[in-house]
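There are 2 protein chains.
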Amino acid sequence: MARAKVDLPVHRIRAYLEPGPIVLVSSADKDSRNIMTMGWHTVMEFSPSLVGCVIAGGNHSFDIIRATGECVLNLPTSDLIDQVVGIGNTSGADIDKFAEFGLTAEESEKVAPPRIAECYANFECRLHDDVLVDRYNFFIFEVVNAVVAKSPKNPETLHYTGDGEFVLAGKTVSRRRLFRPGLLGNGR
Amino acid sequence: MARAKVDLPVHRIRAYLEPGPIVLVSSADKDSRNIMTMGWHTVMEFSPSLVGCVIAGGNHSFDIIRATGECVLNLPTSDLIDQVVGIGNTSGADIDKFAEFGLTAEESEKVAPPRIAECYANFECRLHDDVLVDRYNFFIFEVVNAVVAKSPKNPETLHYTGDGEFVLAGKTVSRRRLFRPGLLGNGR
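Here the protein sequences line up with chains A and B, keeping their order. For the first sequence, this note's numbering gives the first residue as 1, with consecutive numbering after it. For the second sequence, this note's numbering gives the first residue as 1001, with consecutive numbering after it.
Treat the hints loosely; a few may be bogus.
The calculated lysine-lysine pairs, modelled on BS3-like cross-linking and capped at a C-alpha distance of 27 Å, are [what the hints assert, rightly or not]:
1) B/K1110 <-> B/K1005
2) A/K30 <-> A/K110
3) B/K1150 <-> B/K1171
4) B/K1153 <-> A/K171
5) B/K1005 <-> B/K1171
6) B/K1171 <-> A/K153
7) A/K171 <-> B/K1171
8) B/K1005 <-> B/K1150
9) A/K150 <-> B/K1005
10) A/K171 <-> B/K1150
11) A/K171 <-> A/K110
12) B/K1030 <-> B/K1110
13) A/K171 <-> A/K30
14) A/K150 <-> A/K110
15) B/K1171 <-> B/K1153
Think of the hints as simulated: they come from the structure by calculation, not from any bench.
When you get a sec, could you build the whole thing from the sequences and use the hints?
As structure tokens, this is what we get:
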């Protein structure tokens, strides 16, 4: 089901990406669109809002993203686990993954590739630096637009541990009282 | 309490780092030793076992790690949450964090900085590539030795979401039956 969303300041994406969830990467060129499952990513900077991630050269998405310099990082929750696994175990060279997995391609605001409407959040990205692409398949993207579901505050995200197993996001614990004020902020 | 541990093949560290836990980074030079809290990291390759991470230039650890090219990524669980927060809110320029937070410095096997005995796992690292350190404070380390606690299989790791809040690792879900065999392996 498509989710109702609100805008999120791009410097606050750490609240959703830093905990290490599996994400779905959507991309498109004039001939095709695609989705891949990806777990090797890290926040790198707040402003500009940078995310680094590994997209293996064998992926159909690699060529599209390298050529177009754009993608969307879509944040799925546990209700989408079978789609996440299916997308990670098929190739966009053979099928249209949006159709195959019943996902809705929704127009992005600032980039050409579509967002996935059923995901909890969508982070629209432009390639910021490709200096490590040849050596490590490591892309540094700038998040240029972000939207997040109105609720719940804490999504049950999927965290991959290899061998077909996932850890789900569990309960939330606050230690705000122990932080220096300058280190607070940028939360959910 | 120090944990009983077993060796872990270094290509299998993804099982513990890919889900995005907060880690404690220990470092040392001839004059001092230090610990920092770090959440911006990603697995980059299985063999060699590479991990990329952001260590901000303002940190006391930055200079030590840049100069020595070594550190240990220690994986804390939720029982260490107050130490994790304390370490992230103090500077090693002022205090010895091992003493201050009651943590045990244990000799590493392949690098000079000590491991933290109370952590669930310890990943001994050597600097592999510093090409992005000047531009992004992004270090690429090779994990040269890894040990992991004998139990439990699934540690309750800490995942930071900003603003003083953490999400704890929750329940585990398997979808092995939906995976292509070639994509399985490297799990816990």
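Hint check results:
1. B/K1110 <-> B/K1005: holds (16 Å)
2. A/K30 <-> A/K110: holds (17 Å)
3. B/K1150 <-> B/K1171: holds (19 Å)
4. B/K1153 <-> A/K171: holds (19 Å)
5. B/K1005 <-> B/K1171: The hint holds at about 23 Å.
6. B/K1171 <-> A/K153: holds (19 Å)
7. A/K171 <-> B/K1171: Holds: A/K171 and B/K1171 sit about 10 Å apart, inside 27 Å.
8. B/K1005 <-> B/K1150: Judged against 27 Å, a Cα distance of about 5 Å means the pair holds.
9. A/K150 <-> B/K1005: At roughly 43 Å apart (the allowed maximum being 27 Å), B/K1005 and A/K150 break the hint.
10. A/K171 <-> B/K1150: holds (24 Å)
11. A/K171 <-> A/K110: Violated, at roughly 34 Å.
12. B/K1030 <-> B/K1110: holds (17 Å)
13. A/K171 <-> A/K30: violated (43 Å)
14. A/K150 <-> A/K110: Holds - the C-alpha atoms of A/K110 and A/K150 are around 21 Å apart, at most 27 Å.
15. B/K1171 <-> B/K1153: holds (12 Å)
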